[in-house]
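Student: Which chain is which? The protein sequence lines are A and B, in order.
So the first sequence is numbered by this note's numbering: it starts at 22 and just counts up by one.
So the second sequence is numbered by this note's numbering: it starts at 22 and just counts up by one.
Worth flagging that the hints you see were computed from the coordinates, not collected in a lab.
Here the structure is a predicted model, which is why all the values come from computation and not from measurement.
There's no promise every hint is true.
Copies of the same chain look alike in the list, so a pair counts if it works inside one copy or between any two.
Mimicking SDA-like on lysine to any residue, the simulated pairs with C-alpha atoms at most 25 Å apart in a straight line are [to be verified]: (1) Lys172 to Gly120; (2) Lys57 to Ser238; (3) Lys106 to Arg208; (4) Lys106 to Ser151; (5) Lys103 to Ala187; (6) Lys172 to Ala51; (7) Lys57 to Lys106; (8) Lys172 to Asn223; (9) Lys106 to Ala211; (10) Lys172 to Asn136.
Protein chains: 2
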Amino acid sequence: MGESISPMNGGSGTYSYARNSTWQKNGAAAMENALKEAVMESLDLQNVLCDSNTFIVADLGCSVGPNTFYAMDTIIEAVQRKCNKSSLEFQVTFIDRIGNDFNTLFASLPEHGRNRNYFAAAVLGSFYGSLFPSSSVHIAYSSSALNWLSKMPEGSNATKIHYNGAPDAVVRAYETQFEEDMEVFFRCRAREIAAGGLMLFNMAAAPSRDVQHHVASMLTFIESILIDMVKEVYIVFALRKM
Amino acid sequence: MGESISPMNGGSGTYSYARNSTWQKNGAAAMENALKEAVMESLDLQNVLCDSNTFIVADLGCSVGPNTFYAMDTIIEAVQRKCNKSSLEFQVTFIDRIGNDFNTLFASLPEHGRNRNYFAAAVLGSFYGSLFPSSSVHIAYSSSALNWLSKMPEGSNATKIHYNGAPDAVVRAYETQFEEDMEVFFRCRAREIAAGGLMLFNMAAAPSRDVQHHVASMLTFIESILIDMVKEVYIVFALRKM
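Here chain A stands alone, though its shape is the one from the complex (with noise of 0.2 Å):
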């Protein structure tokens, strides 16, 4: 999320994230049960409402769709099975950096009244900071987002795509930069999301410092197929100059 790290491709083109986002798809649909047992175990209705008639959902970390809008279905429909009030209206805000395309979003929205049952908004920022005034989120979720930090660590290599087999140093910034981030990740939703609200979020993680063994190796391959692309791009650039 920081702003030295590439957002999702905008648009809807052929390499669009809206066009290359299967796997994260994927990780939202295995999260749909768990979504749904998370909202009718642990969500405190009563509280987080008051006397309001509006609940508020947040994705942190949208991206341009239309995965976002899967799982903003899944949580609208969890709470009105909970709730049972026909008069409660929903607003779901979406999240992203500077860079997303807003507008991508904005045009690929189902249409209200028909396939959406929500009001939509969208916030620019970062989730690593202040993004809504405090105690006004009821719902705050994120799907594979997380693993971006908000920079690049000190000591980090940014020639290089992934870290297995790593030096322990770098593997320690990463670590220590990702607990930084966390810290601030959890104390801006303490101060937005309502008492009784939740925060439910899902991201890539490795069982261990070293990827399995087969990963690793794959991830070995394909970065130095990519590293001889890179250079053969400045070959042929060069070249096509002389």
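Keeping the supplied structure of chain A fixed, place chain B upon it in accordance with the hints.
Tutor: Here is chain B on its own, set in the frame of chain A:
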């Protein structure tokens, strides 16, 4: 605001709205005192806030800035002066129709905490429809936007630029469309604005059916030049194709 009507030009280039909205800025500046006065005299703070600590403002037809930011600052400053409660937080939602350049709007937002003392969100939609949950807005504001009808009325002539001296039937068609639109607009806002809140707007208007004589002559003259230019472009285009 209708789908068939062009929105403001996005981006920040030579022909962008951001660099060609001085007239609208002057209109907003003239409104500054009126805004302050309305907040001081007519806003029922206790009633509108109830127990909430967040004050919510909506700009309907915001375009891409920067005029919207001046107006929001004026409104917030006036509410702060009236309320005198340092813990009060502000949330501003910028609304415009599909085709508005929200990426530019977000990119031009003043920095939060430094030059902006409110949380900012954007909503895509026409103000001739529901945009928010009921009673969820404290001040709704609209500047130089309500002159955009929801659609071209039947019987209007798409090749005309203005309707000074138009047949009575055409003038009536526009009047009817305007009346219908205004009814929808106010019905929606009545549902969305909390009791004790405010609706503040400015819009261009003519003192009578016929625009004053010298303005009318000027408009007719400009119209004839523009129509000639369009014809010429068509001719040049046709010649190039030959």
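Student: When no copy is specified for Lys172 and Gly120, does a C-alpha distance of 25 Å or less occur within a copy, between copies, both, or neither?
Tutor: within (15 Å within a copy, 33 Å between copies)
Student: First find the shortest C-alpha distance between Lys172 and Asn136 inside one copy, then the shortest across copies, and answer within, between, both or neither for a cut-off of 25 Å.
Tutor: between (37 Å within a copy, 24 Å between copies)
Student: Taking 25 Å as the upper bound on the Cα-Cα distance, should Lys57 and Ser238 be classified as within, between, both, or neither?
Tutor: neither (37 Å within a copy, 66 Å between copies)
Student: Is it within, between, both or neither when you check Lys106 against Ser151 at 25 Å Cα-Cα?
Tutor: Between copies, since 20 Å is at most 25 Å while 31 Å is not.
Student: From the Cα coordinates, with 25 Å as the cut-off, is the pair Lys57 and Lys106 best called within, between, both, or neither?
Tutor: within (17 Å within a copy, 39 Å between copies)
Student: Can you tell me if Lys172 and Ala51 fall within 25 Å by alpha carbon in one copy, between copies, both or neither?
Tutor: neither (29 Å within a copy, 44 Å between copies)
Student: Is it within a copy, between copies, both, or neither that the alpha carbon of Lys103 lies no farther than 25 Å from that of Ala187?
Tutor: neither (48 Å within a copy, 58 Å between copies)
Student: With identical chains treated as interchangeable, where does the CA-CA distance between Lys106 and Arg208 reach 25 Å or less: within a copy, between copies, both, or neither?
Tutor: Answer is between: at 24 Å across copies they meet the 25 Å cutoff, but 32 Å inside does not.
Student: Can you give me the call for Lys106 and Ala211, within, between, both or neither, at a CA distance of at most 25 Å?
Tutor: between (27 Å within a copy, 22 Å between copies)
Student: Up to 25 Å between alpha-carbons, please classify Lys172 paired with Asn223: within, between, both or neither.
Tutor: within (20 Å within a copy, 44 Å between copies)
Hints 2, 5, 6 from the list above are not met by this structure, while the remaining hints are.
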